[in-house]
Every structure is written in C-alpha cells, then in structure tokens.
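Work out the full structure, taking the sequences as your base and the hints as a guide.
Going down the list, the protein sequences come from chains A and B. Just so it is clear: in the first sequence, position 47 is 47 by this note's numbering, and no numbers are missing. If you want this note's numbering, it's the position in the second sequence, counting the first as 1, plus 1000.
Check each hint, because a few of them may be wrong.
What the hints assert, rightly or not - Now the stretches of chain B that chain A is said to cover, found in silico as 3 or more residues with beta-carbon under 8 Å:
hint, region
1, 1017-1023
2, 1034-1044
3, 1049-1056
4, 1070-1082
5, 1130-1143
By construction, these hints were calculated from the structure, which means they are not laboratory data. Note that the Cβ used here is the ideal one computed from N, Cα and C, for glycine as well.
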Amino acid sequence: MKPFTYERARSPAEAAAAAARQPGAKFIAGGTNLLDLMKLQIEAPAHLIDVNGLALDKIEPMPEGGLRIGALVRNTDLAADQRVRRDYGVLSRALLAGASGQLRNKATTAGNLLQRTRCPYFYDTAQPCNKRQPGSGCSAIGGVTRQHAVIGSSEACIATHPSDMAIAMRALDAVVETVKADGATRRIPIAEFHRLPGETPHIETSLEAGEFITAVTLSPPLGGRQFYRKVRDRASYAFALVSVAAVMQRDGTGRVALGGVAHKPWRVEAAEAELPRGAKPAMAAILDGARPTDDNAFKVTLAERTLASVLAEARG
Amino acid sequence: MSKVSLRVNGEVRNLELDTRTTLLDALREHLQLTGSKKGCDHGQCGACTVMVEGRRIYSCLTLAVMHEGDAVTTIEGLGQPGNLHPMQAAFVKHDGYQCGYCTPGQICASVAMLEEIKAGVPSHATADLTAPSQLTAEEIRERMSGNICRCGAYSNIVDAITEVAGRPA
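Take a look at the structure:
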C-alpha cells in the first residue's frame, strides 16, 4: 500500500468538503473493496476520510411510504430488515446473493454502489487498462472475455459492474441522495448514477469530485412477486455471470434489470412491454444491440433462460 | 503513525501504528496474536476472520485505525487449551480440519454465524424471507461460504457446527 494520511469525518458536509480540498482523497466506509485495491496499488489515495462515525446507519420510513436507507447501513442489516424482506424482497435477495457473511457485515449501501469492476485485466497491473490507466488501452478486448459485458460496452472498455444490490435497486428505481463540497444536496435516480464506459471508462458514476452519498431512497412498495436469480460458476461467494432482478405483477407486467451483462445495471423500460409475451421476446428487446464476444455469447442465451425461469415461477 | 486503542479479548491495548496497518497485521505483528491467519490477504479465503463488536469480519480488509475503541475477539479469546470454546472442542471431535491453517477463521466465523441465525439474519439458502431461518446443513454451508478449506474438511466442519447448534448431525 502507498502511504496515506487519515482523518475521521464529523459530518457528511465536512467529509465532502475535505475530499474536495485534498487531491487524491477518498472516503472509506466498509473498505472491503478499496483496501483490496489499495494493496494492489490500483487505488492509491493520498488521504483517507473515514466516514464510519457519521450517523448514517438507519433505515427510516419516508412520509409517502418508501424507505430511506442510510449510506452506512451494512449489507447484512439491509438484507435482514423486516420491511425490506417483506416489501422489497428483490433487494434482500440480491444482497444475500452477493459476497460472504463477513463481507456483508462490513460492506455499506453506498460502498456497494461504488464498488469497482472485477475485470481480471483491471486487476492485473502489468497490463494496459483504460479504467485503471486512462488511455493505455483495453487488454480485455481480444483477451479472455467470458465474464465481460455483452451490451453497452465500448472500444475502450468491456468491463461489467459487479454489484448485485445495485441491480435490484435499478429494478426498484432507487434514488441516490448526496451532499456536495459546497453543502448542496441532490437526488440522483439510479438510472443516471452509473455510466456506460464510452471513451472514459475510468469515470464510473455521475458523482462530482468530493460528492458524498448520504442515503438511498426507495419508493413505496411495488407489490407483486419479487425475484433475484443469480447464475454463477459456484453456488456461493462468486460474482454473477448473469443475474435477473424482477418485480412481477399478477397480470404479467413487471420490471426487469440484469446484472453481469453491462458496465451498469441494465434495464430497458421500453422492453418491459414484452414481458407478458414471455422471456424470448422480452429478452430480445432488453438485449437488443448486444455485441457479445465468442467467449461470452452464452450470456445472451443464459439471460433469456434465467428470465424464463423467473417468469415461470412468477406465474406458478 | 497513528494512535489507536483496541479492546482485544477483553483487554485494552494501545498501539501506535502506520495508518496502513490492517487489523490482521495489528493483531499478528504488534500484539503477537498469531492465531488469526493471513491466507490471501484480499478477503477471499476467510482465514483472518475475527469478531469485531460481535460481528464476524475479514481482519485483512479493514484498517486498525478504523477500530478505535472496538471490542475484537480472536481465536485466542474464544478459548485456550484446557478451556476450549464448545466450537473449538467440536472441531477437534469431528476432525473439522486437516492442516489447520483455516481453522481459527472457520471457528470464529461459525461462532458468529450461529449468532446471526439467532438474531434472525436470513441467507441465500433461506427459502422464505418472512420466516425465521432453519438450521439446516444447506444454511450452514451457504453461511460459511466465506471460509475456504483447501484440505476439504467441509463435511466435518458442518458436523461440528451442527453439534454446537444443538441439532444432531
């Protein structure tokens, strides 16, 4: 690890101001992804702002019926919350499908949204990577690409977003609340929070320098039957090849977001009109324009079949 | 350098550490508590599992300075020769290891894991999210997936945990 200085933040606004003031500063909460990357010197912050002492670990009801999830709510606690289990099952299921018990005890809501890709070329510091070293090239393109994106990728990057939680939040249309260095707050719909790689795959979210996530809010419960179906190489403690987050209503309408296929949680609202007609037309519309590689073309078929299994269970 | 005070196995320990020191390195290199093991050092193997404020975490993926005032329980704090924790005794009885390197992490993880079930935390293996988890082998396997045993003692580990949990294997 590169040396860094360390401070404990006393308020969200102060944390944001400190981050904007000091070049190379990063927030640390759970640290489960950041410290891994710091050990490999993929991340090398000169200054760490520990935000764990900020009282952002509550899940509170919203006046109009949704939930406000503090940025520091640990993944275990969010998954175990009775209201989440009852009203937002897709979110609880997604959290429980990710990582291990130890990681979920540490990992936070905001940190989960901000975790970085597990593309092996991003992790291999001996190889070029536009995300790690902008402009150096993409080693994944033309490499081993079984795990990589099939849609929304660019000539600069074909990495996927690793989060399960974020896929469920996309299906639920969560909103990310932040505070900026000047104290101004804003609400970012999750659809606009994560970015496609384009020419700048190192810029992964719409957050500004120093902008600090304070909470994620959920709209009033959607009802229906909720699913998070994750397909992976081993039964537990592995990232998704493909995952399907779905909220299905009795009449066959619903919402579907995909994980493991793109640089961000993948949802195409217009394609959801096809859901009552079945998985094949729906997935064709969701993955319209997909450009898989020879290594990962199976993901397109797998996504359709995973959705078919979810729709069958929803009807059952 | 940064000062931090930890409560390790019931005893307050004051340390002055490089900010880069992980909790694992603080325990092993500065407090000579070498029961917690460094396997992968990247949160993938579970050998470094300890309990902080009663919750199991990977001590390799957290900085010591982030734990000012926290209560840390390591394998040494769970039990000692002659006065073993029931989970330690069950691992011996059921031969829940071969080389033993992952064992301290397995035992810390399993003790905390049973508390998670008691507290009503669901898992990927829990069929009904609105009902309490059942203590099945499937639940134990899923909840222990963050601890790798390269010798493959898994089935005996499940037997040991099952016995401590109060259900016959």
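Hints, verified against the model:
no., hint, result
1, 1017-1023, "holds (count 4)"
2, 1034-1044, "holds (count 3)"
3, 1049-1056, "holds (count 3)"
4, 1070-1082, "violated (count 0)"
5, 1130-1143, "holds (count 4)"
Checked against the numbered hints given earlier, the structure breaks only hint 4 and satisfies all the rest.
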